[in-house]
Amino acid sequence: MDMFVDNVQGRVSVTILRLHGALDSSNYEAVIAKVRDMHAAGTRDLLLDLGGVPFMGSSGLIAMHSAALLMHGQQSPDPEYGWQAFHDVDSDRNIDIRQHLKLLNPQPKIARTLEMTGMDQFFDIYTEQQSAIAAF
Amino acid sequence: MVRRISAEFGQLEVLRQFIIEQAVGLGADSSLTEDVVLAANEIATNTIEHGYRGQQGTIEVEVRMIDGSLVVHLRDRAPSFNPTLVPTPDINVPLHKRRFGGMGIHIARRLTDELSYAVPVEGGNEITLVKKGQG
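Heads up: the protein sequence lines correspond to chains U and L, in order. Once you know that position 20 of the first sequence is 20 in the numbering used here, the rest is easy, because the numbers rise by one and skip nothing. Once you know that position 59 of the second sequence is 59 in the numbering used here, the rest is easy, because the numbers rise by one and skip nothing.
Here chain U stands alone, though its shape is the one from the complex (with noise of 0.2 Å):
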C-alpha cells in the first residue's frame, strides 16, 4: 500500500492522507505511523481518501480508530506491545471524533465494513472532496 499526501487550504488547513492499495494486518501500523508523525509534525485536520482502498480488514478499522484518537492528542498504543496493547486501551474521555479526521470516498465494500461495525457513527464520511474540506 502507498500513501501520498496534499495540503489544501480550506477555512482551515486541511491535510489530506490518500492511501492507495489494500488495507490489512500486515500495513495496518505504517498507516498509524504515518499519522503520528503528520501529527508530530502539525498536522491538526486530516482528510483520510480511502477511494484507493479495494479491499480493508479490520485491522484498517485500527488504523482508523488510532487514528482519530491521534488527531484527538491523545496517544495510540505502541503496537510493539502486539495486539494485546491495543485491546487494552480504555478511556473515559469522550471526544469529538468528527472534528479533526473525517473519512472521504470509501468503496462500496469498504463503507459496508464501517457500517457492519458501527464504526460509521463515528465518522463523517464524503463522496466529495470540496465538500469534506469545507466541513472542517
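Because the hints were derived from the structure by calculation, they are not lab data. Source: prediction; values computed, not measured. Cβ atoms here follow ideal geometry from the backbone N, Cα and C, with glycine treated the same way. Among the clues, some could well be false.
With the C-beta cut set under 8 Å, the calculated list includes, among others, these residues of chain L facing chain U [stated by the list, open to error]:
#1 G10
#2 L12
#3 E13
#4 R16
#5 E34
#6 L38
#7 N41
#8 E49
#9 L95
#10 R98
#11 G101
#12 G104
#13 I107
#14 R110
#15 E114
#16 S116
Quick list of in silico lysine to aspartate or glutamate cross-link-like pairs, EDC-like style, CA-CA up to 16 Å [said to hold, decoys possible]:
#17 L/K132 - L/D67
#18 U/K109 - L/E34
#19 L/K132 - L/E114
#20 L/K97 - U/D96
#21 L/K132 - L/D113
#22 U/K34 - U/D2
Based on the hints, put chain L in the right spot on chain U.
Okay, now just chain L, sitting in the frame of chain U:
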C-alpha cells in the same frame, strides 16, 4: 484445489488472491467471492495473531463450489480455538469506550451464511465458511 500459505500477515494478500482465482474458476458470482474473501481474511488474521502468536505455521485454504454455494475451508495447526463461541460485540459502544479490534469474527459471521468449526483428526482447527448463491 488446496493452497498452503505461511502464517504471516504478508501472506494474506496471497490467500485472498488464491480464493478469488479459485472462485472465478468455479464460476462463483463476484458478490459471493468478495464477502468470502473478507471473511477468510479475518479468520486467517486471527489465526496468525492469536493462534500461532508469532510462531511459524501454515494455513491451508481449500475452495469449493457445492450446490451453488461458495465454500472455503481454512485449516491450521495452531492451538484449538473455536470462533463460533466468541460473543457478538456491541457495535453501539461509543468510540472512546471501545477496545481496539475484536471485529474480525463479527465481520466473518455477518458476511457468510454459515461459519462452522471442527477439530481435524490431526489436531489444529478447521473453519468452514459458506456463502450461498442466489436462487
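Quick rundown of the hints versus the structure:
no., hint, in the structure
1, G10, "holds (5 Å)"
2, L12, "holds (5 Å)"
3, E13, "holds (6 Å)"
4, R16, "holds (7 Å)"
5, E34, "holds (6 Å)"
6, L38, "holds (7 Å)"
7, N41, "holds (5 Å)"
8, E49, "holds (6 Å)"
9, L95, "holds (5 Å)"
10, R98, "holds (7 Å)"
11, G101, "holds (5 Å)"
12, G104, "holds (5 Å)"
13, I107, "holds (6 Å)"
14, R110, "holds (5 Å)"
15, E114, "violated (17 Å)"
16, S116, "violated (20 Å)"
17, L/K132 - L/D67, "holds (9 Å)"
18, U/K109 - L/E34, "holds (8 Å)"
19, L/K132 - L/E114, "holds (9 Å)"
20, L/K97 - U/D96, "holds (13 Å)"
21, L/K132 - L/D113, "holds (6 Å)"
22, U/K34 - U/D2, "holds (11 Å)"
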